[in-house]
Amino acid sequence: MAVCTGCSLLCDDIEVALKAGGFDKVKNLCRKGHSHFQTVWGERTGPVVDGQEVSQDQAIERAAEILKDAKRPLLLGWANTSLEAQSVGIDLARKLGATIDDASPFCQGLLMERVLTGKLPTCTLDDVRNFADVSLYWGSDPSNSHPRHLSRFAYYPRGSKRQKSYEEERTMIVVDVRRSSTVELADMFFQVLPGGDADFIAAVTSVLDGKIPKFGDKKRMIELGKLLKKTEFGAVFPGPGLVQSLGGKMDLLDGLLERLNQLVPFKVIPVVGHYNARGFNQLLLDQTGFVNQVSFAGDKPAHGPECSVVEAARSCDACLVIGSDPLSSLPFGTAGALSKLPTIAIDPCRTLTTDAASVVIPSAMYGLEAGGSALRMDGVKVGFEPILETDLPPDEEILRRLLEAV
Amino acid sequence: MVSAMEIYKLLPNSACKECGFSSCMALAVALLNREKKLEDCPALFDPKYADKLKKLQELLEPLQKASETGLIIHEEKCFGCGNCVVACPVNVAADPTGCAVGQGPKSDRVILVVEDGVVKCLNVKECRRFGPQGTQCNACTATCPSKAIEFV
Ligand code: SF4
Ligand code: SF4
Ligand code: SF4
Chain A
0 MAVCTGCSLL
10 CDDIEVALKA
20 GGFDKVKNLC
30 RKGHSHFQTV
40 WGERTGPVVD
50 GQEVSQDQAI
60 ERAAEILKDA
70 KRPLLLGWAN
80 TSLEAQSVGI
90 DLARKLGATI
100 DDASPFCQGL
110 LMERVLTGKL
120 PTCTLDDVRN
130 FADVSLYWGS
140 DPSNSHPRHL
150 SRFAYYPRGS
160 KRQKSYEEER
170 TMIVVDVRRS
180 STVELADMFF
190 QVLPGGDADF
200 IAAVTSVLDG
210 KIPKFGDKKR
220 MIELGKLLKK
230 TEFGAVFPGP
240 GLVQSLGGKM
250 DLLDGLLERL
260 NQLVPFKVIP
270 VVGHYNARGF
280 NQLLLDQTGF
290 VNQVSFAGDK
300 PAHGPECSVV
310 EAARSCDACL
320 VIGSDPLSSL
330 PFGTAGALSK
340 LPTIAIDPCR
350 TLTTDAASVV
360 IPSAMYGLEA
370 GGSALRMDGV
380 KVGFEPILET
390 DLPPDEEILR
400 RLLEAV
Chain B
0 MVSAMEIYKL
10 LPNSACKECG
20 FSSCMALAVA
30 LLNREKKLED
40 CPALFDPKYA
50 DKLKKLQELL
60 EPLQKASETG
70 LIIHEEKCFG
80 CGNCVVACPV
90 NVAADPTGCA
100 VGQGPKSDRV
110 ILVVEDGVVK
120 CLNVKECRRF
130 GPQGTQCNAC
140 TATCPSKAIE
150 FV
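These protein sequences, in sequence, are chains A and B. For the first sequence, numbering that gives the first Met the number 0 assigns the number 0 to the initial residue and increments by one for each residue that follows. For the second sequence, numbering that gives the first Met the number 0 assigns the number 0 to the initial residue and increments by one for each residue that follows.
With the rest of the complex left out, here is chain B (with noise of 0.2 Å):
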């Protein structure tokens, strides 16, 4: 997964603070965590920095596809296997006589499903890293056999 410091290598680096940031770092975190665009750094589309903008723009494509958790699916790598859906300790306290037992989800109150073979996610606001309250859990990127989840 890409981290901060990879995007703060490829930032200008001239700490003009335009982005509101008082340095460079600090936009690179935001990014990491999408709170900010790259078009919030007017520095980096001055021509001479163009490589790194089209690198920048690549590095930070797969953030896009992720929830509001930050949560990135591969759909080609997973195995459909559940393991997920059954550790998710929010699947767990939802649906105890479905998912608990390692059945498939009887509510509809659960976060992971399998459907077509495949992991979704639903209700995200029920995720425990959701908001700015939200906590480091990772339930279900710890149980994946594929790493077919994970969180930016």
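The following block holds chain A by itself, in its conformation from the complex (with noise of 0.2 Å):
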């Protein structure tokens, strides 16, 4: 059996027939995990520096060279490597004094901070599919993102306590800004205006307190509140479109979770993308105490803002790039000023930040020709072995050359 690395689900039941140059055939692979493992036979990186062919050494030294001699680095990415690789870039980070960031601020930090500190309740998949009668997808689309999302965890499968499953015992609810792939299989959907989830907490919070909601249509508002009350085990799957739309407000998402709480189980799962996103946050914030954007400047870690990619995209002078691809991620501003520095990719594929790098270090990819572990987007640790061979090395040896180097 191999493991795929295409989202946050790390689907663990692929099984792989090979034949030569390709795969010959792979069962359970979802649409998305099967263009992903289709990568590994697609457009290689190789060894670059300043745009000529090295080889894998040279472009080691030169990232080390680039690394040593910077006064601010900024290492970034992180989402689309082992936690192995992760762990030994955070010793990097603090070892050059760098800035160390993913792109959480941008997306689903604010969420993952509360999750992984405690903040909202949270539990794993395998709850959700044995115990849940309720899912909420909000402002998340996993048919799109996280294709088995339903089937394996959240409404299709049998639970041990859930033997008649989606036909008699689960509610699956959607509340999106547009009718999503999703929301064709909700058993209920709500439509918010982009901007309007604060609006719909509201509506949520009155109704479980008896009153009548401000917001929508009262009656549906009001048959919901009757569904969340009588809740034996609810799950809540937030996804980037509520974080953006609350924003600084995500203390109303703390509420409502509060007072559901007090009636019925309602746990959090946050649907990030990448598939160990969750990794990055978890070693972090167990390293250094906060989830993402820290600074190994001074003599303890720093966090905030300023220790953004943002700022630090204009503050830094030089960059290291790792299981992501900022220059088509992330905004324009910010993508812009990263490429103007010197920056060193490391990736198995080649990509708009890769072609714009001043070193590229071409790595094995994780889950089909390298081994590690990752966590699943609920926090379960999920380990892989190679499935194909390479001579390339993984993430994780890379930067450990670096960091012997530097």
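Hints are computed from structural coordinates only; laboratory data are not their basis. Treat the hints with care, as some may be off.
To be verified - Partial list, derived from the structure: chain B residues whose beta carbon lies under 7 Å from chain A:
#1 Pro11
#2 Phe78
#3 Gly79
#4 Gly81
#5 Glu114
#6 Gly116
Said to hold, decoys possible - Here are the in silico distance ranges between beta carbons for each label pair:
#7 A:Phe331 x B:Lys76: 30 to 38 Å
#8 B:Glu34 x A:Gly209: 34 to 42 Å
#9 B:Phe150 x A:Pro330: 45 to 53 Å
What the hints assert, rightly or not - Here are the simulated DSS-like cross-link-like pairs (lysine-lysine), alpha carbons at most 25 Å apart as the crow flies:
#10 B:Lys105 x A:Lys163
#11 B:Lys76 x B:Lys51
#12 B:Lys76 x A:Lys26
Every residue gets a Cβ at the ideal spot worked out from N, C-alpha and C, and that includes glycine.
The two chains are supplied separately, each in an independent frame; assemble them into the complex guided by the hints.
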């Protein structure tokens, strides 16, 4: 069995039959995972320094020089690499006095922090499969982003306490600004206006308190209130849509969950995208007390917006990118600032970032060519073994060599 | 999906009974169920119906790809999410430790599987819709987020 590193579900039941130069047959992998697996045969990176092809050793040497010479290096990315590599990466940041960050400040960092620090109650996806009778997707569309979320855990499978599953025992609710593919399958759909989630929270709180809601269709809101009150085990799956909409008002979500949990158990699992996004936040929290945006420039780790990618991209003088493609994923201004820096990109595959980087270090693809472990979106650690052979080193080994050289 | 009415409207509607049915509507239903072919209606091949024949051929073309239970798979639309695999009652009964609990199939008696990123239909005779005694089960099509599978 192989593990898919195509998204943060880390599906571990993938059956692969190989033939020369490709896969003969792959079972149980969703379409998204299938295209992820195909990238191993796609456009791969080679070692490059300033546009010239070099040896892997030369690329690593040059990368070490850039990092040593930099006064304020930024180590960025991390969501698509193993826990082992992330851990060496944090050591490297500490040794360099660097700033380290992922994309979570743009995404779901505020939510993840609440879950990892215990401010919001959480559970595993296996608990959801076994016990949940209500699943609420909020600003998330797993049918597209995490295609097997409903079938493996949240809605369709039979669980120890949910033998009648979706036919009789589970209810799926979607709250979103648009009719997503997931809405097609939902038992209840509440459409909110962009930025309207705070109003929706107020309305749910009203119906829980037995008051008439000010927002939306009153009858349907009261129906929702009734359903929530008689839930035995509820799971909320907030996505980027909700976090972006609430912005600085995340305490509204805290308040709603607190109110709900006075009545019935309701857990929160953030629907993060990349396969080990949660792992990075967890490791950084364990080591520094912060989930993202950490600077090791001073005596002790500092945290704050001044350590974020946005600020650091403007103030730092060199950048190492690993496990992400910030030039295509970050906001234009930040990506623009980054593209002007001497950049080292460690990536198995060609991206906009590797195209623009001063140094490119190719690495093995985790899950396919390299073993390791990662945290699933619910925090469960999933280990994986390579299924293909390669001469390329994994991220962890490259980072270890950099750590020794600086 | 095509309806019998759409097919009926394109038939000659001459009630010649050459096809063995007493009305063109009955033939339309039989065409939809793939029990008869357009060739069973000789009148349709009269040049004056050439336009209608062409339209009918286009209309019925997708039906040719359907399985014996009338299942049509649009691979290009399939997410490979496995909802249908986990929801199909036959899969659940045949595979209590695999499909039933959300995992990939562990039994070779299942009907729906996901291979190379898209759904595939095996063991079609096991489907609850199979044969004249078949029921109107739709657990697979109702759980599909992208209308990648449908029954004719
Ligand atoms: S749901 Fe995610 S982890 Fe599972 S097979 Fe699809 S892409 Fe891979
Ligand atoms: S019709 Fe029913 S039995 Fe047949 S494949 Fe679909 S879900 Fe399974
Ligand atoms: S046919 Fe539909 S339900 Fe089945 S795997 Fe494809 S997208 Fe999912």
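Hints violated by the structure (numbers, ascending): 1, 8, 11
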